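Chemist: Here's the letter readout for the chains.
Number of protein chains: 2
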Amino acid sequence: MGPQTLIYPMPTLLVGAEVDGKPNFMTAAWGGIANGRPPMISVAIQPHRYTNKGIRQSRAFSVNVPSSDMVRETDYCGIVSGSKINKVEVCRFNVFYGKLKNVPLIEQCPINLECEVVHILGLGSHELIIGRIEETHITESCLTDGKPDVTKIKPFIYTMSSSQYYAFGEVIAKAFSIGLELKDRE
Amino acid sequence: MGPQTLIYPMPTLLVGAEVDGKPNFMTAAWGGIANGRPPMISVAIQPHRYTNKGIRQSRAFSVNVPSSDMVRETDYCGIVSGSKINKVEVCRFNVFYGKLKNVPLIEQCPINLECEVVHILGLGSHELIIGRIEETHITESCLTDGKPDVTKIKPFIYTMSSSQYYAFGEVIAKAFSIGLELKDRE
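Protein chains in written order, with the numbering used here: chain A, 182 to 367; chain B, 182 to 367.
Looking at chain A on its own, in the form it has when it is part of the complex (with noise of 0.2 angstroms):
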């Protein structure tokens, strides 16, 4: 097919930086888990972005992860810009602070990293931001004895080649369990 950045699946992520004095948020769905000890994300955002400035400006940004019932909110922060447009207003955001003073939150989403950033790489069309996880917040109804529920979590997933967002399934398997299966084979 040539070369197309086609991986299953991808997430939905808003980005958030504070723009010349205020909060900014951005939809990402090229990012992931880049370190695990000190715990690090990476997200790819165009230089020309609104929300690239607020970054470059405070060298730091977070990560919320939006709920299925956010899903129009989170669609729409991909559609405009804020150079333009208050998405928080639009978005009726709550916006809080954390333990960076300069990193906007959006409290309507079920999990919000804080982050420093440690790299910025310039790949071409994007950066690739790299930022250290400072701090990381979870809505307490989303617990369920003290950890993540992703039943009440409700994350969603993007998909760019039908341009679709999807709930996520039913579980299928345990993982570092079902392919304990295979050992007899070995």
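None of these hints come from the bench; they were simulated from the model. Treat each hint with caution, since some may be false.
[Unchecked claim] Cut-off 35 angstroms, straight-line C-alpha distance, at most; resulting in silico cross-link-like pairs (DSBU-like, lysine-lysine):
#, chain 1, residue 1, chain 2, residue 2
1, A, 234, B, 355
2, A, 234, A, 203
3, A, 335, B, 328
4, B, 265, A, 355
[To be verified] Going by beta-carbon spacing under 10 angstroms, a handful of chain A positions derived as facing chain B:
#, residue
5, 189
6, 223
7, 260
8, 298
9, 329
[To be verified] Beta-carbon label-pair distances, calculated as ranges:
#, chain 1, residue 1, chain 2, residue 2, range
10, A, 237, B, 366, 23 to 31 angstroms
11, A, 320, B, 282, 43 to 51 angstroms
12, A, 201, B, 280, 43 to 51 angstroms
13, B, 229, A, 270, 44 to 52 angstroms
14, B, 325, A, 280, 27 to 35 angstroms
15, A, 328, B, 219, 37 to 45 angstroms
16, A, 234, B, 265, 45 to 53 angstroms
17, A, 355, B, 350, 13 to 21 angstroms
On a predicted model such as this, the values are computed, not experimentally measured, just so you know. In this text, a Cβ means the ideal position worked out from N, Cα and C, and glycines have one as well.
Following the hints, complete the assembly by docking chain B onto the known chain A.
Modeler: Only chain B this time, still in chain A's reference frame:
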């Protein structure tokens, strides 16, 4: 909760490389698209991993997207090391080669990306390996009208908090579309 590598969804990818001339594959959930033009992908791999040795030898690797039918094999490749076990044999992978002659691909996986290493970034416990996607293969039976079809590919999701694999659920919205409903609030 303190800094945690907590996002949803995470992919479940089989990363392949030739190690000492033999194909090997490992499971990776920490990765994502890193650039658009040229297309690039990143995967986070611990330096001591057997597959990492192969990636350094050939400066190239593959990313294979497994389908739900392969959850057992995929999980297995994340449990055992290729330094001790021939995973290709145990998993009965049919290995093929594409444009890059030293990058093994798994025929049973509906999607295969061939990648050339452009950056290796030591970040702590892991190295973030960034590859330029040189070629993409998709199983013909996973296309509908020439486009990748999620219902045929049947990709799956890894969640770290509960260590489970999830299938894709229902479509919840059209991207770059449902967000337009908020336009009247601007």
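Chemist: Hints first: check each against the structure and report whether it holds.
Modeler: Against the structure, the hints come out as follows:
The straight-line distance between the Cα atoms of residue 234 of chain A and residue 355 of chain B is roughly 28 angstroms, inside the 35 angstroms bound, and the hint therefore holds. With a C-alpha separation of about 12 angstroms, the suggested pair residue 234 of chain A and residue 203 of chain A falls inside the 35 angstroms cut-off, and the hint holds. Pair hint residue 335 of chain A plus residue 328 of chain B holds up; C-alpha atoms about 28 angstroms apart against a cutoff of 35 angstroms. With a C-alpha separation of about 24 angstroms, the suggested pairing of residue 265 of chain B with residue 355 of chain A holds against the 35 angstroms cut-off.
Interface restraint check: residue 189 of chain A against chain B, minimum CB-CB distance 3 angstroms, threshold 10 angstroms, status holds. With its C-beta approaching chain B no nearer than about 6 angstroms, residue 223 of chain A sits inside the 10 angstroms limit, and its interface hint holds. Checking residue 260 of chain A against chain B by beta carbon gives a least distance of about 5 angstroms; that is within 10 angstroms, so the hint holds. Residue-level restraint check for residue 298 of chain A is violated (minimum Cβ-Cβ distance to chain B is 13 angstroms; threshold 10 angstroms).
Restraint check, residue 329 of chain A versus chain B: the minimum CB separation of about 4 angstroms is within 10 angstroms; hint holds. In this structure the hint that residue 237 of chain A and residue 366 of chain B lie 23 to 31 angstroms apart at CB holds, the actual value being about 29 angstroms. A hinted range of 43 to 51 angstroms holds for the C-beta pair residue 320 of chain A and residue 282 of chain B, which are about 50 angstroms apart. Between residue 201 of chain A and residue 280 of chain B the Cβ separation comes to about 46 angstroms, which falls inside the hinted range of 43 to 51 angstroms.
The supplied range of 44 to 52 angstroms is met by residue 229 of chain B and residue 270 of chain A, whose beta-carbon atoms lie about 49 angstroms from each other. Separation of residue 325 of chain B from residue 280 of chain A is about 47 angstroms and departs from the stated range, judged on CB atoms against 27 to 35 angstroms. Separation of residue 328 of chain A from residue 219 of chain B is about 40 angstroms and conforms to the stated range, judged on CB atoms against 37 to 45 angstroms. Taken as a hint, the range 45 to 53 angstroms holds for the pair residue 234 of chain A and residue 265 of chain B, whose Cβ atoms sit roughly 50 angstroms apart.
Checked against the hint of 13 to 21 angstroms, the C-beta distance between residue 355 of chain A and residue 350 of chain B comes to roughly 19 angstroms, which is consistent with it.
The earlier numbered hints that this structure contradicts are 8, 14.
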